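Q: Residue numbers (numbering that gives the first Met the number 0), protein chains in the order written: chain A, 0 to 664; chain B, 0 to 418.
Since the hints were made in silico from the structure, they are not lab data.
What you are looking at is a predicted structure, and each value in this text was computed from that prediction instead of being measured.
C-beta: ideal position from N, C-alpha, C; glycine also.
It is possible that part of the hints are untrue.
Computed list of lysine-lysine pairs in BS3-like fashion (alpha-carbon distance at most 30 Å, straight line) [claimed, not checked]:
1. A:Lys-250 x B:Lys-321
2. B:Lys-202 x A:Lys-646
3. A:Lys-652 x B:Lys-273
Derived coverage of chain A by chain B (criterion: at least 3 residues anywhere in the stretch with Cβ under 8 Å from a Cβ of chain B; other residues may be distant) [claimed, not checked]:
4. 444-458
5. 496-509
Label pairs and their in silico Cβ distance ranges [stated by the list, open to error]:
6. A:Gln-304 x B:Leu-303: 39 to 47 Å
7. B:Thr-79 x A:His-658: 51 to 59 Å
8. B:Ile-89 x A:His-658: 38 to 46 Å
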Amino acid sequence: MLRLRNTLHRFVQQNSGKKFEYVNGKCIRATSTSAGRDSQSSAKATADNSFANEDAIDQQRRTGTGVKMAPDVGKLRARLPLVKNFFVGVVDNEMLGYPEVVQREEMSRIENEKLPLTNFFTDQVENAIIDRTRQIPAEVVDSVRQLGLYGLNVPAEFEGKGLGWTASLMLTEPESRCTNVALGLLSHRIIIDILKDVGTSEQQQLFLPKLVNGSQVGVEAIFEYDMAENELFNTTAEYIVETNEWLLSGKKAFAIAGPFATTNATPLFLVIAQTRRANVKGDASRSTTIFLVDSNTAGVKLGEQHLTIGCRGLDIRRVEFDQVRLPPSCIVGAANEGNEVAEVLLRSNRLRSAMLGLGMAKQLVNDLTSYCIDNQQCNVPLKDMEMLQMHLSKASCATYAIESMIYMTAGILDEFATPDVALEAAITKYYSLTQLFKIAGKSMDIIGPKSLISGQETEVLFRDSAQLYTQGESVDTLRLYIALAGLQHAGGVLQDTVRMQRNPLFHPGHILGKFLQSSNIDNPKTKMRLNENVHPSLEPAAQSVEQSVARLQMCVELLLTRYGAAVVEKHHDMQRLAEIATTIYAMFASLARASRSYCIGLQLADYELVMASAVCTHGRKKVHTLCTEIFNGQYVNNDSNLQRLAKQVIKSKGYFPVHPLTFNF
Amino acid sequence: MIRKLANVFRGQLKYNGNSFQNVPPTWYSETSKAFYCTKSENESQAQNDDSARGGRGKSNIRKPPLPAIQNPFANVTNKTKESYLAMLEIFEERDVHRRNHVEFIYAALRNMADFGVEHDIEVYKALINVMPKGKFIPTNVFQAEFMHYPKQQQCIIDLLEQMEDLGVMPDYEMEAMLLNVFGRRGHPLRKYWRMMYWMPKFKNLSPWPLPNPIPDDTLNIAQLAVERMCTVDLRSKISVYETKNVQDSIDDTWIVSGMSAEQSQLLRDHPRDKAVYIEGPFLIWLRNRSINYFTLRADPDPNLLQSLQEDQEDQDDVSRLKAPFFGASIPRPKNAVGKNRSVHQQEDGTIFAICATGTSTKDSLLSWIRLLESNGNPTLGEIPVLFRFKSVVTAKAIEIEDKAKSDNLQSNPSSKTTD
């Protein structure tokens with residue numbers, strides 16, 4: 000195994016020490032019935048409590064200097080980040096127990112509450128009609144208010160439903176049948192999440208009651224139409240000492256203003272602005288600050304509407320802020336510490352957008368399946384054709400992985416105090432939306448030209464999924480973020496190893512040891528024993544995860560050694576890393592879920608087993624291919640060709656080859 | 000052997016032929032110039048040929064040169080492609096034997112430039128067509144390898160050589176002609192095949208391809224030149240201004256100016272108290288045409304260059320990688336401190352813009368600065384602008400542009416003395 004930093008050694012020891020207790024618990028779980036699970040989860044709680052008294056865990060988390068996180072009462076101590084640790088080859092075995100955060104009684108209560116929502120969205124809301132008429136009817140907006148959808152995640156003391164992440168995500172599932180409604184409510188929920196996490200109690204007192212009853216609806220105004228050339232944002236805010244006010248000016252785009260925020264309600268904008276730190280010179284003073292801006296404030300104006308390809312029922316607009324004067328109480332978190340708040344903001348945004356993708360993916364799979372059942376070609380029912388069967392099962396596997404990842408991430412958020420799930424949330428969104436777009440594309444394969452006739456349900460879903468694909472941020476930057484966040488973590492842990500490997504002549508012993516190790520990319524040696532934490536039928540799948548994590552770690556170490564700090568420029572390799580990490584998390588979550596389902600004998604759990612195995616087998620191959628590409632380097636994996644070509648394309652300002660029939664003489 | 004001999008003669012010619020100089024300057028090698036002979040040279044060449052043929056002129060008395068054949072090309076008054084082809088026709092029809100056709104072809108080759116046909120593939124083909132068909136085809140392997148009819152073969156090889164030097168690409172018809180004259184194993188055909196391997200590959204090798212032929216208009220040439228120089232920055236914009244719109248302008252001419260958004264930004268950031276310079280004239284060649292251009296530049300910013308040296312951060316330290324939340328700033332380690340160095344910030348100075356004017360006078364350059372100022376660079380009005388010339392630049396236009404067109408150089412006399 001690689002020579003790790005001392006601290007990592009400590010983590011590993013702690014982890015393995017913990018695992019040891021836990022493995023025993025797990026063994027019970029693996030063979031027990033649901034009754035056993037109960038006793039085991041209480042055992043887990045006691046184990047963790049006792050652990051909490053021990054030496055403090057180095058959380059490796061940067062907490063903002065000025066940002067206070069809301070105290071999480073009744074939650075377990077945070078564990079080490081799950082996916083970030085994949086980058087250094089460490090797997091938290093305990094996390095293979097799929098988090099059960101909603102209590103039994105609460106679960107049935109939620110199911111009961113979900114019923115009217117499901118009925119409402121299946122019977123009374125027609126996404127295709129909303130799309131065609133380009134508006135969400137006022138009755139629907141009213142019903143959304145009456146059904147209490149504005150206050151799902153608001154704490155009970157503000158008359159909300161006080162649901163946690165998992166429960167509130169479960170209750171948003173019905174609405175994702177109608178993408179327009181779901182996307183329209185997305186930023187409202189995110190703003191409530193952020194107020195809960197980092198808002199001061201005055202801000203909570205001020206905004207939450209209005210947000211609950213829907214007299215004020217949260218709208219994110221983060222992104223801008225034009226790229227800011229030298230800064231992060233074109234929108235700026237300036238602090239005026241004399242009046243103790245902030246002066247906000249600029250234009251934001253893609254704010255989902257209506258109809259929820261404009262029908263009998265006023266929008267509450269969440270704005271990120273570029274600010275300058277006082278007393279600091281140069282680029283170091285560049286910072287961001289997040290404001291909550293009531294639309295009734297003087298100077299706030301709704302701009303023109305963007306006509307988008309999907310989600311046409313929504314009123315997506317520009318918002319203009321013309322010298323808006325804001326008191327310091329409008330700042331979320333601390334002034335100039337926007338990045339810390341953005342972490343919370345994006346975590347919530349990403350997780351909840353992933354949920355949107357899940358609803359649509361399920362709907363697509365159902366639609367495609369019924370199409371295959373209902374139709375036949377030359378007396379052969381479509382359902383009997385292998386080609387279509389493959390499409391359907393691949394789409395279902397992807398949907399299964401999306402669902403597992405969402406509830407696993409939400410479970411971690413609910414179970415532990417201030418966990419670091421930035422990476423998990425990003426991965427979940429990335430996987431969910433890319434897979435959704437793929438599944439939506441499958442309808443073109445299966446149904447053919449009919450699937451894209453205007454007004455067809457598949458067509459609306461296709462356009463909506465394209466809209467979601469770009470929602471908030473581009474997929475490329477998301478990928479980059481996933482890789483960078485992982486590398487950042489790995490860089491901290493592996494820095495000494497990397498330094499030694501980049502200066503081999505100063506550290507001959509280390510290099511010699513490196514030569515002697517027998518683990519390689521094709522046959523990674525692992526000692527994670529993941530199979531001890533899952534049902535024995537899933538041993539091959541667990542093995543896949545184990546090997547993939549080991550490969551990822553090798554790749555990370557190799558890339559850091561090869562490029563050093565310049566690794567951040569190697570975007571193509573980072574895209575591969577992001578793809579690998581995403582695949583591994585999808586495998587991990589599916590594995591944990593299938594193991595749980597099979598152990599407690601849920602309906603069709605044996606097929607879940609097959610699904611998880613399929614996800615893991617496919618994932619292992621994908622990870623292996625990508626890792627081999629990274630190991631082979633740019634001259635074998637085609638990167639250098641592509642880079643060379645790109646230079647010429649840029650020089651020629653576009654496609655450069657002449658016509659194939661051109662004569663030269 | 001004989002081919003070698005011929006080369007020796009040609010070499011002699013090369014160094015003897017110092018009488019010509021009125022050919023437009025080209026980038027072609029010295030040897031190509033040997034073909035552009037004047038009448039006197041023709042005569043000496045003829046003399047050389049004479050002595051080479053027989054070696055019988057053993058007398059030590061050097062007789063006045065007596066041409067073996069009369070050079071019919073020297074006496075033509077109307078030197079055009081038509082008259083040139085007409086001469087070939089006359090020669091072909093003079094008698095069936097076509098005596099002295101090798102000498103005729105050499106003479107014709109030498110005089111191509113005077114007729115302005117040296118880049119014309121048709122003319123070369125007409126010349127090859129002078130050769131009798133079938134007679135020179137070797138019938139056995141010994142003939143083939145020992146250069147059957149060496150003089151004739153060498154003559155056509157020289158013709159092909161001239162084509163190669165001038166970048167005239169042969170075509171398939173020429174292959175067929177050579178095949179008919181010298182056969183499959185003839186040396187000219189081998190030469191032709193080698194040419195057809197390389198020439199098409201070289202033809203499009205230039206990263207800055209030019210139209211062929213280059214336009215005669217000086218404005219077009221200036222545009223081509225500025226466009227090509229501006230390729231260092233893809234955001235460069237080429238604008239053509241008329242000076243007559245500028246207040247107080249004396250010259251009425253055009254200005255081709257190239258500047259990019261990045262350069263505008265650099266100019267905006269330039270300290271007001273530091274002068275910028277108009278430097279030039281510099282010469283740029285476009286194939287066989289040249290043009291003068293000027294740059295607007297400032298002295299290098301020592302602080303920037305210093306900071307670039309200091310920015311060498313520890314590449315081995317991977318403990319502080321940055322992961323941004325919003326995609327707007329994708330991290331680059333070199334970007335960590337300060338701004339990136341632009342391609343225009345060179346070690347010997349910062350270049351803000353380049354231009355070529357119709358007259359290359361101080362007045363036109365002044366108009367250029369005024370035009371830049373009114374077209375998006377208002378700061379130029381606050382910065383002192385100084386002239387820094389490499390050679391004499393007149394204050395205002397003294398000649399009419401038409402004259403400049405005749406020799407494809409600008410009317411500014413100083414331009415010829417530069418470089």
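Q: Each hint needs a verdict: does it hold in this structure or not?
A: Against the structure, the hints come out as follows:
1. A:Lys-250 x B:Lys-321: 27 Å, holds
2. B:Lys-202 x A:Lys-646: Between Lys-202 (chain B) and Lys-646 (chain A) the Cα gap is close to 22 Å, so the pair holds against 30 Å.
3. A:Lys-652 x B:Lys-273: 36 Å, violated
4. 444-458: violated (count 0)
5. 496-509: Since 4 is at least three, the answer is holds.
6. A:Gln-304 x B:Leu-303: 39 to 47 Å: 45 Å, holds
7. B:Thr-79 x A:His-658: 51 to 59 Å: Once the Cβ atoms are compared, 35 Å apart, the range 51 to 59 Å for His-658 (chain A) and Thr-79 (chain B) is violated.
8. B:Ile-89 x A:His-658: 38 to 46 Å: 43 Å, holds
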